[in-house]
Amino acid sequence: MTEKKKLRIATTSLAGCFGCHMSFLDIDERLFPLLELVEFDRSPLTDIKHCGPCDIGLVEGGICNAENVHVLREFRKNCKILIAIGACAINGGLPAQRNHLDLRSCLTEVYLTEPGLAHGHIPNDPELPLPLDKVHPLHEVVKIDYFIPGCPPSGDAIWKFLTDLIAGKTPELGFGLIEYD
Amino acid sequence: MPTEVGLSTACLDPILGRHGHDASNLLQILRELQDCIGYLPADAITYLADKLAIPRVRIESVASFYSFLNLQPRGEYRVLFSDNITDRMLGSAELMQQMCQQLWAEPGKVSEDGLVSINTTSCTGMCDQGPALLVNGRAITRLTHQRVQEIGQLIRNHTQLDEWPADFFRVEDNIRRSDLMLDNRLAPGEVLRAALALGADKIVEAIKQSALRGRGGAGFPTGLKWESCRNAKGSEHYVVCNADEGEPGTFKDRVLLTRQADLVFDGMTLCALAVGAKQGFLYLRGEYQYLLEPLETVLQRRRDANLLGTNILGQPSFDFDIKIHLGAGAYICGEESALIESLEGKRGVPRNRPPFPVTHGYMQQPTAVDNVETFCQSVLALHMGAEKYRAIGTEKSAGSKLISVSGDCPLPGIYEYPFGVSVREMLQNCGAVNTRAVQVSGPSGVCVAESEFDRKLGFEDLPTAGAFMVFDDSRDMFEVARNFVHFFAHESCGFCTPCRVGTSMLKQTMDKVAAGHGTQYDLREIENLDRVLQTGSHCGLGHTACNPVLHTLKHFRPAYESRLKSLDFEPAFDLDGALARARQMTGRDDAGAHLKPEGA
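Sequence order for the protein chains is A and B. When we follow the working numbering, the leftmost residue of the first sequence carries the number 1, and every step to the right adds one. When we follow the working numbering, the leftmost residue of the second sequence carries the number 1, and every step to the right adds one.
To be clear, the hints were calculated from the coordinates, so they are not data collected in a lab. Since this is a predicted model, take the numbers as computed values, not measurements. Just to be clear, a hint being listed does not mean it is correct.
What the hints assert, rightly or not - When the alpha-carbon atoms are kept at most 16 Å apart in a straight line, the in silico EDC-like pairs for lysine to aspartate or glutamate are as follows: (1) A/K143 <-> B/E598; (2) A/K134 <-> B/D568; (3) B/K596 <-> A/E67; (4) A/K80 <-> B/D568; (5) A/K143 <-> B/D568.
Start from the sequences, fold in the hints, and give me the full structure.
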């Protein structure tokens, strides 16, 4: 009998704080049994820059600029199952606090009114991604298959979710593992 | 000149006096305070908290729950356009825009000069004579461009409401078909006299025999309710009449309270006799504030005639009186346990049931809560006798039912039918032609399409609380459903997460489809949402919130599909458009400064 093929997982953080990734690391020594079952594609853990075909994609953070859209699309194109992880990915979260401000006044305040930044002009280097006028949750840009709520979701919740998925079960967090804040 | 603090306390002391410094009257106190100074200032809330000896936060939680209570200053004139689909169909959105332009106001905001605030509100129960609005709580019907312009002038000239033309405030009854209830010629108290001779046990038995069922929509057997309430132990028993007619498209209770107030109060008194209550409440929806004075007059007349008060009709120790409690714009208070919470001066959040109000109702005492129409029918059932009463209607639905007809028909208004009438017959009677669909029993009810017009009103087939909204073939049923979905999202009380979040997600999905960003995926998501709302919601609002969409999807799927993109998934907004502001600010227009659709 051939050895069971390992699942490929990719992870990324968009308009997030990497808190969900830190929480992912909170599965601690369970990383070892996890690595028996999966291998990582694009992820801050591997430093691979672009993701190839994967089974599972974990995306933290919302969508605040054009680059976020490109990365999210790349994930959607390559991942069979795409998971929005954490409050920012699901609702926009903290970065979406800017949504009640006009982008014009944000940029003016930061680059033109306040002294000492960028020599008094709004950066326009084509290398820099342009900000969207509002911060959006992931599911408004691509189809998302699963959502893990929490800010951040606990390591236990992430562990339960992934092991369920890997075992082929519909993930269920249940009482104690679901947190909305 | 008095300071604001002085002003609000000067208003508050008499109000507090009238309500006996009793925190259970908090909602009424807040309403009256607002009538006095236009909104609820922070210092007045502090003062109230002190005088009522309750935490300030409790007052704020109540004040923020009801949409007619304002914690921020509103305009001197507060205009609320009724936003039911029937008002929309008669051009209410355009009329509101016209008024905003005329008065230099933005919807939802107070005008710069503090003169006026203009906004929308849920159905005000004037669907047969819309479009309608409320100005400082008073209903104005039959709006036209000319009338809106006249109203704008009156507001600009600071004309007091009392001096506005009386015709603006005229509310028609529009009774198109009457039967046993609207035709009755019973003298006030006539049936009560006969009932006194019978005694409580026999009254309950007679109502049970008559097979009378509640007219608020659920159809619970009234006799059984009265019996349970009578048998329940408690220090007091209460009778509550639910006149919080909030279901969009329903206005029958308004007409009953206008034309048959004595019959309603006879029914409540009869119920008091049956269950052994000394105190009754009429929970009148805030939109019907104009009925308060005439109803108080009827109550006083009845007290003078010894039909209320002590030793009613000379019967020793039969004491009963009725208090009118005014709502403040919350649809959820039509649910009986939320209504009781509201009566107790709290947020209108539905209670856990069981225990039911018949054992643990107002102040945790046995309480019989019935619809306005149920009380009327109980009097008729007792008067006619069970056998004659049961002969009217169908086997499982005895008696008659008031139907509020509105929408696309030449004869909107009130129709009284024996149960068992078909949708088709009703459409013929109201003169509707080219009818595409009928929404029976409001947004939470059933959308009936042409193929089902032979269905009959009654608990066997189409139960109804009384709304009957007609849509002809010029109407877009998607927009009808979207209006209802917005209604539920607005009226969700926010207590349970499935409903609070689910109704908003449903609204966003419908708006996404309306904006042309929808896909088949979104339609499937609506079905998923329905499952969550059905199984996870605390009360009927959440359980029924998806109905308008599911029913219209069933009958009018092409109305949805014509709006969909053919793709599996589409973003909810225009991605490239969302970069326009940043392009403008940076002066960039390179390829990296644009987002193309995927695959393009």
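Comparing the hints with the structure gives:
1. Restraint check: the Cα-Cα separation between A/K143 and B/E598 comes to about 13 Å, which is no more than 16 Å; the hinted pair holds.
2. Pair hint A/K134 plus B/D568 does not hold up; C-alpha atoms about 24 Å apart against a cutoff of 16 Å.
3. Simply put, B/K596 and A/E67 have alpha-carbon atoms about 12 Å apart, close enough for the 16 Å limit, and the pair holds.
4. Restraint check for A/K80 and B/D568: the C-alpha separation of about 15 Å stays at or below 16 Å, so the hint holds.
5. A threshold of 16 Å between alpha carbons decides the hint, and for A/K143 with B/D568 the separation of about 9 Å falls inside it, so the pair holds.
Hint compliance for this structure: hint 2 alone is broken.
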